[in-house]
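Student: Taken in sequence, the protein lines are chains W and V.
The numbering of the first sequence is numbering that gives the first Met the number 0, which starts it at 0 and goes up by one.
The numbering of the second sequence is numbering that gives the first Met the number 0, which starts it at 0 and goes up by one.
There could be a bad hint or two in this list.
[To be verified] Covered by chain W, according to a simulated footprint, are these stretches of chain V (three or more residues, beta-carbon under 8 Å): (1) 31-43; (2) 53-59; (3) 76-84; (4) 116-127.
[Claimed, not checked] Pairwise CB distance ranges, derived in the manner of DEER restraints: (5) W/E2 / V/V40: 34 to 42 Å; (6) W/L95 / V/S52: 20 to 28 Å; (7) V/R29 / W/Y52: 32 to 40 Å.
Hints listed in this document are in silico derivations from the structure and should not be mistaken for laboratory results.
Every residue gets a Cβ at the ideal spot worked out from N, C-alpha and C, and that includes glycine.
Each chain is listed here by its residues.
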Amino acid sequence: MSEMRTTLKTVRGLGSAKDGTMHFWLVRISSVALVPLTLFAIGLVFSLIGKDYDAARAVVGQPLVAVLLILFVAISIEHMRLGIQETIVDYIHGELLKVSILMLNTAFSLVLGAVSVFALLKLAFGG
Amino acid sequence: MSESTATRPVSPHLGIYRFTPTMAMSIVHRITGIALYFGMVLIAWWLVALATSRSWFETANWLLGSWFGLIVLIGFSWTVYHHMLGGIRHFIWDTGAGLGKQTSTLLSSLTLVGSLLLTAITWLVYFLWF
């Protein structure tokens, strides 16, 4: 033993973060919501085929459509952020690089979500 | 860390296992998930185009309607269907059901068959009715 510290002392605090279940659960909850929302989005795309600018704006700007699309986009992006976070921690092992890419993933998700939701609100409020 | 780390056994990686449908669909589930990251960018781009201006919207629709755009959209739709069916397969497994050797392999194969079928139906509807 080259150190004064016991083996137990050196591994303490290096275990799980004790919040993995929440991550798993959020992925599942979001995917349950995404099944109907995605089918709705696919149906909406079909209803938009051949529509010009004004007609498409009118469809997407309807309150019910806009609200469902906001939910679709927001929940998709959160689901996507969680999934990519899992992929990053699986494959990237250098601590600095890993934390940097995790931050980028969160930042990118937030920007994408903000931009999409803003666009939908603008359409709904007739901007 | 002590010197014992060097000889510690490590978990074997993908390369040493025999190829199975469950394994293939697990890998494809992850790849489709990563691909959908870009799909989401496509959706955001289209929404911004619609909210911004007529010319941007028309450019976006022209691009999506071109042969290149259609290939991207066909790929996108298959990716969505595959990831969705993969998710449903995981819901089944989460309940503890379908984990047997035969059933899990069948469910995995159905993910692929189902996603190809749904993609084919979607685009048949598009090309025949629209």
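Student: Hints first: check each against the structure and report whether it holds.
Tutor: Hints and how they fare:
1. Closer than 8 Å: that is the beta-carbon criterion, and the region 31-43 of chain V has 8 residues meeting it against chain W, so the requirement of 3 holds.
2. Coverage of the region 53-59 of chain V by chain W holds [criterion: at least 3 residues with CB-CB distance below 8 Å; count 3].
3. Check on the region 76-84 of chain V: 3 of its residues sit with their Cβ under 8 Å from a Cβ of chain W, so the three-residue criterion for coverage holds.
4. Look at the region 116-127 of chain V against chain W: 3 of its residues bring a Cβ nearer than 8 Å to a Cβ of that chain, three or more, so the hint holds.
5. Checked against the hint of 34 to 42 Å, the pair W/E2 and V/V40 fails, with Cβ atoms roughly 49 Å apart.
6. Distance hint check for W/L95 and V/S52: the Cβ-Cβ separation is about 42 Å, which falls outside the suggested range of 20 to 28 Å.
7. For V/R29 and W/Y52, the hinted distance range of 32 to 40 Å is satisfied, since their beta carbons lie about 38 Å from each other.
Figure legend: structure checked against the earlier numbered hints; hints not met, in rising order: 5 and 6.
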